[in-house]
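The residues making up each chain are set out below.
Protein chains: 2
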Amino acid sequence: MKVLLVHAHPERTSVTHHLVEVAAEVLKAQGHEIIRSDLYGMGWKAVFDGRDFPQRANPNRLSLMEESEYAFANGNQTPDVEAEQRKLVAADAVILLFPLWWYSMPAIMKGWVDRVWAYGLAYGYRGAGNTYRYGEGGFAGKRALLAVCVGGPEKDYSPRGINGPLEQLLFPITHGTLFFPGMQVLPTFAVYGAAAIDAQGMAEAAAAWRGRLERLSDDEPIAFRPQNGGDYPDRHVLADHVAPGQSGLMAHIAGSVVPKDDNNSSAAAFLVPSHFIGDVS
Amino acid sequence: MKVLLVHAHPERTSVTHHLVEVAAEVLKAQGHEIIRSDLYGMGWKAVFDGRDFPQRANPNRLSLMEESEYAFANGNQTPDVEAEQRKLVAADAVILLFPLWWYSMPAIMKGWVDRVWAYGLAYGYRGAGNTYRYGEGGFAGKRALLAVCVGGPEKDYSPRGINGPLEQLLFPITHGTLFFPGMQVLPTFAVYGAAAIDAQGMAEAAAAWRGRLERLSDDEPIAFRPQNGGDYPDRHVLADHVAPGQSGLMAHIAGSVVPKDDNNSSAAAFLVPSHFIGDVS
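Quick note, the sequences are listed as chains G and R, same order. Read left to right, the first sequence gives residues 0 to 280 (numbering that gives the first Met the number 0). Read left to right, the second sequence gives residues 0 to 280 (numbering that gives the first Met the number 0).
Calculated from the structure, these hints are not laboratory results. Some hints here could point you the wrong way.
[Said to hold, decoys possible] Pairs of lysine-lysine, DSBU-like flavour, derived with a Cα cap of 35 Å: (1) R:Lys44 with G:Lys86; (2) G:Lys1 with R:Lys44; (3) R:Lys86 with G:Lys86; (4) R:Lys27 with G:Lys154; (5) R:Lys27 with G:Lys27; (6) R:Lys1 with G:Lys27; (7) R:Lys44 with R:Lys27; (8) R:Lys154 with G:Lys44.
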């Protein structure tokens, strides 16, 4: 299997880089081929702009969607973007490793998504608008996994933790960015307390990470509902009989638990599938 | 009142720029002073890295948090970052205007946050770790507002829409980035269908936007729970008696509606405060 590691941290001795090294070692030992995109090391251009389109469909007005479609269809993309797309297409699994900055990716990785997720490939697949999305599309059949280094403590990200549950904060990435073009997304792997981790904590995190890497082909993906699987008859809104009474992000995960208004604030009220609880860290 | 407009779109005729122009016009007519950060126009450096710290606290290992604290405390930040912080500190209200790319900000704006939100100012306020956050901190007392241009239709972002409700997708920004250092965040203003908007649609959007701008000082902020207001006795997790039975992002908004498992998929089950519904677009 080919595994693409996309990572973003400027410091070689960071927890993020340590996870990258562990991943490369474990996956190679299992006989997998590693492909790497070290965004800081590559000096990745983060800003999506007119320079991405040296040959314009419309020289008068910059529509990024229109230009993306034109450049992807005609082989006019910049070489750095095309190289990343080739890595993605070749990969059977994609792992994004990054520190959580302001509850999201570092800008350099967001810019990797903004620029590489082209119209015709990651959206507008087959030039058909939103016909294929959420479970189908240019990256269908690939597995995806986030490995996130979080400065703060795990309790701040617990079901009732002050920051919000990590997996809900990451929904725009897991659901909106990775599942959108068809990837099967595994539950996030997180190292908490990464800002002040000691050798023992790092060893424990590395051991947990090894376990997740060894199960990369076997772990159950998050049960995001595919657009064309019957739950969204009009391709826009959940059918009334699906997750009745539920709304919000977690309604888009099959089998997620509806909280009950019964003064019970236990983990059972966490709006994620039951297999998911306890599997986040 | 001083209002900072931070905006990010590379095309001058974009819907985003149109909203910026309307904002400048309406706010000036009301006697407010406008401060602008046109991130594409400024050629903003999006990537947060070692170049942000020309004088290092630790030349051997790059800890961004440690260097941010040292640079902010000692006046060693880069001039571009310091200029943005001075604008923020001077402003009574901050409006971020951007197109929604992959359910979040463009990379250039994420990089504005990553670099400008310094330790000692936006986090680690007064050098006291997480003592002051969520409702208190370096940006306390300021109002904040997102104006987001969304390519797709509103129904995709409705309570049971396939993308997830817009305000929940934006929680890492509204709650995690703006409320964190103390800003009072107003409900998001969104223009849907921005990818194919016509003149009439744009006129309607501009009219709605004018209304929101005129009420900038009056509209009720999202009722995010302050860390030190009593709802989080240990500063980490909601007290049992607060929003009992609720978990997830929306538990951090006072008065938000708990969905009932009664086969009722109406808007009433939307996990946001009732005053919020219908006020998003």
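Against the structure, the hints come out as follows:
With a CA separation close to 26 Å, the supplied pair Lys44 (chain R) and Lys86 (chain G) stays within the 35 Å bound. Proximity of Lys1 (chain G) to Lys44 (chain R) is assessed by CA-CA distance (about 33 Å); at most 35 Å being required, the pair is judged to hold. Straight-line distance between C-alpha atoms of Lys86 (chain R) and Lys86 (chain G) comes to about 41 Å, which puts the hinted pair past the 35 Å bound. Between the alpha carbons of Lys27 (chain R) and Lys154 (chain G) the distance comes to roughly 45 Å, so the proposed pair goes past 35 Å and is violated.
Straight-line distance between C-alpha atoms of Lys27 (chain R) and Lys27 (chain G) comes to about 61 Å, which puts the hinted pair past the 35 Å bound. Restraint check: the Cα-Cα separation between Lys1 (chain R) and Lys27 (chain G) comes to about 56 Å, which exceeds 35 Å; the hinted pair is violated. The straight-line distance between the Cα atoms of Lys44 (chain R) and Lys27 (chain R) is roughly 29 Å, inside the 35 Å bound, and the hint therefore holds. Restraint check for Lys154 (chain R) and Lys44 (chain G): satisfied, since their Cα atoms lie roughly 34 Å apart, inside the 35 Å limit.
In this structure, the earlier hints numbered 3, 4, 5, 6 are contradicted, and the remaining ones agree with it.
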